[in-house]
Amino acid sequence: MPRNVPGIIVILVGLLLLVDFVVINPTLVDVSNAVLRLVVLLAAAAGITGASFLVMRHGRAVLDGSPHRLESSVLIVGLVAMLATGLYPGSQGAADPAVRWMVTALLAPLVASLFAMLFVFLLVAVRRGMLLRSRQMRVMLLAAAVVIVLLLPLGGQLGGWLAAVAAWSEAVPIGAVFRGLLIGVGILVAVQATRILLSVNPADD
Amino acid sequence: MIETRSRIRLRRWRPRGLAWSIVLLAALAVGVLVGGSVSNQLRLENPDRSRVSELRAVLGRLPDRPLVLVGMDGDLGTYPEIRPALRAVLADLLAHDARIAMVSFTPEGRALAAAEVARLADDGVAADRLLDYGYVAGAEAGLVLAVTDLPSPPRPDNPVGRAVLADGDGIAAFDIAVVVGGIDFGPRGWVEQVATRLPSLPLIAVAPTFAQPELAPYLRTGQLDALLATVRDDAAYAQDVALREGTSDRTGQSPAAMLVGMLVALGVIGRAYVYGGPPEADAAIDEEDAA
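Protein sequence lines correspond, in order, to chains P and C.
Position 144, counted from 1, in the first sequence is what the numbering used here calls 144; the numbers after and before it change by one each time, with no gaps.
Position 172, counted from 1, in the second sequence is what the numbering used here calls 172; the numbers after and before it change by one each time, with no gaps.
In isolation and in its complexed conformation, chain P is listed as follows (with noise of 0.2 Å):
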């Protein structure tokens, strides 16, 4: 049985959600809408939080003279930036073309920069892991220099081949262990699910 207000709160909602998704009525819908809207308003209540805090914290960070002052005031600038050119008085928010210039100019580049120096940093971290000389690593390695070799751009026959088995290797090795990983989540949601909607605690097992 349940024993708090937030416990009877989420038995409540989940089984408005789960009849709402079997039952197919106007009435039931309006309910779990508005029930949807209140979880939006509760997940924006926390973004806007989170980002105060963050704020917080590093303008905190920056007038108590911090080591840190410096990558501090480049985000606090970029966040005023952001707010500023997607809230002034006629901005079209983020279809705002200082906006969409900030954002394709300057965020996205940067962005795919980090992301393309993961190529570096996976080496390094190759040989660095080999250092250690483990099995684990090892195998690792093994698997990634034949999915590489599988996927080497090479034309005519030999890269057909190549295709070909890498086709073969997504869809039944690969395609296996991921399909038992979806299913193993589904069922344990589920039974996450239920234990939450009966209150069942890990003390009642």
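Hints are supplied without guarantee of correctness; some may be wrong.
[Claimed, not checked] One-sided excerpt, in silico: chain P residues whose CB lies under 8 Å from chain C:
#1 Ala-112
#2 Arg-127
#3 Met-130
#4 Val-165
#5 Pro-173
[Unchecked claim] So the derived label-pair ranges between C-beta atoms look like this:
#6 C:Arg-271 / P:Ala-116: 19 to 25 Å
#7 C:Asp-97 / P:Arg-138: 40 to 46 Å
#8 C:Ala-126 / P:Pro-173: 44 to 50 Å
#9 P:Ala-116 / C:Asp-128: 18 to 24 Å
#10 C:Leu-243 / P:Pro-173: 31 to 37 Å
#11 P:Pro-173 / C:Arg-271: 37 to 43 Å
Derived by calculation from the structure, the hints in this document are not laboratory data.
Just so we're clear, the structure is a prediction, and the values are computed from it rather than from any experiment.
Yeah, the Cβ is synthetic: ideal placement off N, Cα and C, and Gly gets one too.
Position chain C against the provided structure of chain P, taking the given hints into account.
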């Protein structure tokens, strides 16, 4: 003892980052430069065209002037990988006389959607064929709400918005959904929250390669109707669209540069596998042992 030696190796070894970076950039530059001359030997497009055929079959079943909803939730880090495929899908849909609406459930996706809508407008796509629903907050909760209730369009007089309102104000009004995935949000959320509520709505997914193993099972079960989730499938589809339209392939991805990068990676892995690390690390350990 072995563990101690490993720790010593780890501590002593320092990558020569600048030299590495220069060599890598030089190799990639050579790859890009020679890409044109070896294009016959190299091929980025997947020779297996099954993913392209599946996508074309889905588009071929669409009615005249279809209403298309693009769920744009890529992220800034992986979007450059899937951008050519998405642009090819949009070009293909526009060639089918489609009316396109975009909606985003993540802030990054919203920024990317705004940029794509502006690009389409700059390319001369008529305003009455484009609609931007903007950002819908709440992630999956927002997605569930959008099934029956999309936000009001910014321009009420937009023909796409009017058509959606006429057919029912939600995702159900659309003929097809194209889902652009990223790290945070993507086709899996749509399969779980939308496909279960609207099983007749065709879903096409465009996602980065890392999502391919997770999404491929949905394709086999029919919960996704088509999927582009590898660079090679993306390139094959973009080439297919370019051939049909009689335009040049605008993927901008060089197979030679990719080959060089892959060979560098193979070289590093092979060397690390054989030697377990750079020679200077072993020399340092030997010195330490001697001391």
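Q. Does the Cβ pair Pro-173 (chain P), Arg-271 (chain C) satisfy 37 to 43 Å?
A. Taking Cβ atoms as reference, Pro-173 (chain P) and Arg-271 (chain C) lie about 27 Å apart, which means the hint is violated.
Q: Hint says 44 to 50 Å; check whether the CB-CB distance for Ala-126 (chain C) and Pro-173 (chain P) agrees.
A: holds, 48 Å
Q) Should the hint that Asp-97 (chain C) and Arg-138 (chain P) are 40 to 46 Å apart at their CB atoms be regarded as holding? A) violated, 55 Å
Q. At a threshold of 8 Å, is the proposed contact between Pro-173 (chain P) and chain C supported by beta-carbon distances?
A. violated, 10 Å
Q. How does the Cβ-Cβ distance of Arg-271 (chain C) and Ala-116 (chain P) compare with 19 to 25 Å: does it lie in that range?
A. holds, 22 Å
Q) Does 31 to 37 Å hold as the CB distance between Leu-243 (chain C) and Pro-173 (chain P), or does it fail? A) holds, 34 Å
Q: Tell me if Arg-127 (chain P) is really an interface residue toward chain C, meaning its C-beta lies closer than 8 Å to one of theirs.
A: holds, 5 Å
Q) Regarding the hint that Ala-112 (chain P) lies at the interface with chain C, is the smallest CB-CB distance below 8 Å? A) OK, holds: Ala-112 (chain P) within 8 Å of chain C, min 5 Å.
(Q) Given Val-165 (chain P) as an interface hint, is its Cβ closer than 8 Å to any Cβ of chain C? (A) violated, 11 Å
Q.
Quick check on Met-130 (chain P) please, does its C-beta sit within 8 Å of some C-beta on chain C?
A. Cβ of Met-130 (chain P) sits 4 Å from chain C, so the hint holds.
Q) Falls inside 18 to 24 Å, the C-beta gap from Ala-116 (chain P) to Asp-128 (chain C)? A) violated, 39 Å
The structure does not agree with the numbered hints 4, 5, 7, 9, 11 stated previously, though it agrees with the rest.
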